Each structure stands twice: as C-alpha cells, then as structure tokens.
Amino acid sequence: MIPIDTGNSVIESEDCDARPARCEDWISRELDGEAIFYDIATDTTCRLNETALLIWQLCDGSTSVRNIVASLVSEYDVSKSEARADVRETLSQLHSVGLISTDGANA
Amino acid sequence: MSVLTGSLPGIAAAAHDAGERIAISETVADDGPFHFRIGCVSVSVRCVHVPSMRAFRRLYSACTLATAARDAISVEILRTRDGKSLRRRYEVWADGVKRFTVWNVDEIVPHIEWAINWQIMLFHPRFYLVHAGVVEIDGAGVILPAAPGSGKTTLTAGLIARGARYLSDEFAMIDPETLRLQPYPKALCVKEGSFEVLDRLGAGMSGRPVFCKGKKGRVVLIRPDEVGGEVSEGCPVRHIMFCQYAADRKPSITPISRADGVLRLVRESFTFLKFRASGIDLLTDIVRGAQCYELASGPLEETRDLVLHTVRGG
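Protein chains in written order, with the numbering used here: chain Y, 1 to 107; chain Z, 1 to 314.
Wrong hints could be hidden among the right ones.
[Stated by the list, open to error] Okay, the calculated beta carbon distance ranges per label pair: (1) Y:Glu24 x Z:Ser278: 44 to 52 Å; (2) Y:Thr42 x Z:Thr254: 28 to 36 Å; (3) Y:Asp25 x Z:Arg88: 52 to 60 Å.
[Claimed, not checked] Looking from chain Z toward chain Y, a few residues come up when the C-beta cut is under 10 Å (computed): (4) Asp95; (5) Val97; (6) Val105; (7) Gly261; (8) Arg267; (9) Ala277; (10) Gly279.
No wet-lab data here; the hints were simulated from the structure.
Predicted model, so just to flag it, every value in this text is computed and none were measured.
Positions of the beta carbon are idealized from the N, C-alpha and C atoms, including for glycine.
Bound-form chain Z, shown alone (with noise of 0.2 Å):
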C-alpha cells in the first residue's frame, strides 16, 4: 500500500473546471489506480482484479510515477456479469471507452497492454507509428518492421540480450519534428513458440506467469531489463530491416532501395492516413538517413549475429 499526494485524473477535472486548485491525500488502493510513464507514453491502470495489478506494477516497476500525468492514457478493469449465464467478466475501458470484455483473469494483464497499445494508435497525436520491433545499436536506430507472427519480439530480445538498447518491440514512433525514434519500452511480449530460444538468452522462463491474449494464445510478459537489455532514449534512424520468418532457412539480408522501403513503411504504418502527403515527406526524410534491407530471419542466434554484423558495417 503506497500514499501518494495528488489527485485522481477526473477529479482534477473537475477542480479545473470550478476554476479551484485542490490537493487530495489518498492512500491508493490495491486496485489503483497506479501511474506510469513508459517511454513517452504515460498511463494510468486501474484494475479490480489485484493480482492482474500487481503483475502489471511488476512489469512496469521501473516507469512508476507518483501522480497521474496530465495526458496520461487512462486504462480501467472493471468486473461485471453477463446478464444471462451471470458468469463473472471483466471490462477493459480506455479513457472511458469500452475496448475489450475478457472472461478469465489471466486475459487482464495482456488487454491492458492491448488497449494502451489501442489508445496510442487512434489518439497519440504527436508521433508517426510503424508496426515494427526497434533497437539502438552503437546510437544508430534499427527498425524491424514485421507482420504479426513474424518474430519481431523474439529478434528484439535477441539483440537487447547482445547489448542493443530497447525501444519498443511494438512501434516505431517516430518525432515528425527530429524524425528520431522515441522509446516506448513495453513489456515484451514473447508467444509460447519462442519461450524455449527466450530460455537459452537467459530470461529464466520457467515460474513465470502465463498470460492469455486472445487468438495469439499464451505469452508471457518481460521486462527488458530480464534480458539484460538498456532502454534506450531514443536516436535516429540508420537501418530498416523488413522482416519474413521462416523456421529452418539461413537467414540472408539483402539491400533494397530507399523508395522501396518508402511503400513497405506505408504498408507497416499504423498513423498513415492521419498524416497521408506529410507522412510520405517524413518517410522519404527517414529513409534518406537509413539503409532499407529485407531480412529473411531464421533461427535466432544466425538471424541475430547478421542483423549486428550488417549495423556494425560488416
């Protein structure tokens, strides 16, 4: 139990809204809410269920902040019941929207980070976002824009474990202003195929608590700092790395050129209709400072070592 002095998001509100300055002291339930600043993203996590809270807070112990940031994400678990079988649910809600409805508590944790995620796309109106995992590496940004299911989180943690410092294995967000990548270091987010090559990096798999996210199925949930990896505080773009997996192939990385790598960061981009004709200015201006590639990825440990090699200019 933390006491934190300070006000709750609506609350404050309301005191600005009467035109009052109030301060409230509030000894902070197990439920929270609890505030973080991840990167540039800040939140603000309620949750009923206080298990799913305190692993959350775990995830995230390093980001805690002592008051709610004036434009934090604000992320509610609710318990309710369905109103004809009256088994028990939970109501994920994102700054007041209805975003998911899960019916078991291992789903919770999972659907926080979701509607963070979700909240960032739709409404974070400051950065350009690609669906992509990113690295620093010797101060120079590397983006691995991926599909789903292409192992962007695994290469990610990979090359954290080998030194490279983390940004995000979610976005790239990107500053339309320096055109730097900006950190957004959430939890990473390892699918049960890839627990086993996870083990060998030395991310202690087993014990951990498994999570349920929908049709991916069961993940579990590390911090960065778990493979040994840095976060970085963001840096520019050098490399862009577009990745296929296959299971048992060598992998191979092969230059593509810029205006190619334009269309494929379009393709990968979450906020691209909000920026449209601008954003293919901000892309050309990203790619003329980077080298685009596709990285036909394999088994971790080859797929990791070329990926260092061709940044280290090998």
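Isolated chain Y (complex conformation) (with noise of 0.2 Å):
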C-alpha cells in the first residue's frame, strides 16, 4: 500500500457509485509497475505499488467504484471482499494526499 497515514474514508459504501478522478497536477514517473508521484505546488512526493497505481489509473472520472472493484477482482486472485476493502483503503489514502477527487461522485 502506499506509504501514507489513511485518512477519513470519503467512499463510505462498496456499492456506492462514487466515480473518482485522478488529479492532473502532479508528476508522476512509472517504475517497474509502480509509480512515483511529486506535487510541485506542496512539495508533496509519494509511492503507489501496483495495485494502488492500477486504481488510481482506473479513476477516470466515469469508472464507479464498483467497477473498479470487479477490475481488481479480474485483474488479480483476490476475492471480492478483499478487493472491495483494499479499494476503499486505497481510494481513502489517494484522496487523503490529493491524487484522486470525489468531485461529482454519486452523479
């Protein structure tokens, strides 16, 4: 998981059709599957292995959480409960340090 203290979670419900989108503002570099990212307004630098990054990847802006959690379920050998709860905790900590909004979530 990334590196980072979760904060309050923002998607309160797995089957909550909450679309977060990625935040543009930041810099981010891939390396071997996982990403480096680095906000030059704050000074802001943090890690996302690959599963946090295939999530923030899938934060489109139109992906519901719900798909993002079956994306994870195909994806990786993981049941759904486990997807759904690492999700959530992913979603929490990307929103916490600002590389996802939930603006327009439930739309």
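These two chains come separately, so use the hints to put the complex back together.
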C-alpha cells in the first residue's frame, strides 16, 4: 500500500456509484510497475505500488467504485470482499494525499 | 612557509573590476590563505589559529593548489573576543558570511569542514546532493544514504580498507548531465564510538589529534589513504543501499523497489528543492540503472563483507 496515513474514508460503501477522478496536477514517473508522484505546489512526494497504481489509473471520473472493484477481482486472484477492502482503503489514501478527487461522486 | 605567485581572491576580483590584469608575488603566512581542490570542490582557507591551519593542510596535503581557483569556496577563521566576558572566540566565515562561532581551538578544523559542506549544499549550483557515504567497487558506484549517526562513515572506511575507492563520507554528488558520481574525498570524520573499530582497520587512531564537533562530540579526521584507500575519479551509480544501524544484530540486505528507492532518495537529498520536478526525473533515471536495497547494518566486518558480496554478484 502507499506509505501514507489513512485519512477518513470518503468511500462509505463499496456499492456506491462514486466515480473518483485522478488529479492531474501531479508529476508521475512509472518504475517497474510502481510509480512516484510529485506535487510541485506542495513539494509532496509519494509512491504507489502496483495495485494502488492500477486503482489510481482506473479513477478516470467515469468508472464507478463498483467497477474498480470488479477490475481488481478480474486482474488479481482475490475475492470480491478482499478487493472491496483494498479499494476502499486505497481510495481513502489517494484522496487524503490529493491524488484523486471525489467531486461529482454519485453523479 | 611557501611562496606563491598568484593573487588573493579579493584582489583578483578588484583587478578584474578595474579592467586590469595583475600578478602579485606574495609570501603566504602560516595562517594562509591556502588553496585546495578536494575532488570537484575548490576551497581557499585562511585560519588565524596556525596549529588548526596546519592540521587542515595535513589532511588535504594531496589536494593542494598553488593558487586559488576562480570558483573556490572561501573560508576564513577570525579571532575575536566576546563583548561581555572578553573571552576569546573564533568566527568561521564562508564566502563573506559568518557561519559559526566556536570557543575552543579543538573545534576549529571540524567547523572549517562544516562550513565547506554548508557552502556546497547551499550554493554549489551544479550537482544533485544526497546525504550518503559513497564508494566505488569494481567500477560500480555504491551510495549508502543514511541519517546522521547511522554509521555510514565507519562503513565507508571499512569498505575502502578492503579495496573500494573513496568518493565521500558526506555527499553523493551527482552530475545531472552524466548521472555520474563525482568525488568529494573529504577527510573521513570518525566519531568517538568508532575509534576502536577504525583502529582494527589499521588507521592507527592512537596519537591522532581529537577534535570536537559540537553535538557530535569528539571526532578524528582521517585521510582516505590512511586506511589504505584510493580516491575514485567518478563512476556511474549501480547500487543504492539505505542503511539503518543496530550494534548487535546480524546484518542483512533486502532488495526494495526502484520507486521506493526514489522516494527514499528524495528524503535523503540536500538539494531536492533546487531541482524539484527535474530532481524526480534525475533520480528516476539514476535508479533505472541501479539496484536498491535496505541494508540493516551491524558489526562492521560482517556488514562490509555483505556489501562487497552483494555488489560483486554473490
């Protein structure tokens, strides 16, 4: 998981139709399936592992959380409940550092 | 006493301002200024406390220049008195700015080095700097980033005593254009807790002058050749080992991802905020050509052998 503190969950339910969107202000560089992100406005850096990077990439503003979970289930050998928990935690962390926004969620 | 033909930096600047070119024959006093090129860093030092000036010159006798380099960092030690107590003190000035005040003569030499390091960190425009010990092993650059007190100087000394070539015990100086490590072979600054282990390496610690380096306590400064090491001329980065020291554990080394390596390098960088986005690009390019590890270091000999074994493909 990304090495940052977990903020308050913004995704209260795995069944919600929230469609989180990537924040494009960050500079990102991929390395061996992971990625480094740098926000020039705040001089914040963070690293996403392979799973977190996939989730971030799926946050295109039109894919629902439910479909992100489904993508993880199909991509990895994990149960739906495991994928749900990972997605929820990762989205919370991505939101807390500002890598995604949930504006327009439940649209 | 040596005789130089050249000019003091200040006089040279004045001459250029006047559109003149002058050569000054000068007899240099025992307090300097003396000029050095320490790897890729040029320094001119003048120190009113002559024994400290001599100690510094002994440390850098292999780096002496006849005249000041144009880009030299200028360090000057002045003797003053405290306004209230009239107690004698020494001010350490670097490029015209007072950096430190020290009260005891055994603090002067470490603070000359400290002032040079400050100037490099703040004003050296060219290189990307990571807080690390740095050596070259069989042509491969090895960066050992670590927090202060993590034993990086001791490990660096241990490695050069076993044939590694020395670049620095303080900075990984990375040329952004070539991504190669540049040497800054300052004297190894060994803290009191490592005197015994350095003695085992053959550094001959007894009888050496012991200096005081502020909160770091008592230190001895050692030239790399005094532990049998040669100085590298520069090399590419091939291994990055993030060190964490604990005295009584068996050392181990664990590969980490390159992205993790970049993040950790940012944390150990002195100059990231000068480079910012281009720093991310630079570090990303560096780790693409290197292996990254977490090194849980312990007793010197075992840790040193583990590093050598890893670099040599064991």
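A quick look at each hint next to the structure:
no.: 1; hint: Y:Glu24 x Z:Ser278: 44 to 52 Å; verdict: violated, 19 Å
no.: 2; hint: Y:Thr42 x Z:Thr254: 28 to 36 Å; verdict: holds, 31 Å
no.: 3; hint: Y:Asp25 x Z:Arg88: 52 to 60 Å; verdict: holds, 56 Å
no.: 4; hint: Asp95; verdict: violated, 27 Å
no.: 5; hint: Val97; verdict: violated, 26 Å
no.: 6; hint: Val105; verdict: violated, 41 Å
no.: 7; hint: Gly261; verdict: holds, 8 Å
no.: 8; hint: Arg267; verdict: holds, 8 Å
no.: 9; hint: Ala277; verdict: holds, 5 Å
no.: 10; hint: Gly279; verdict: holds, 8 Å
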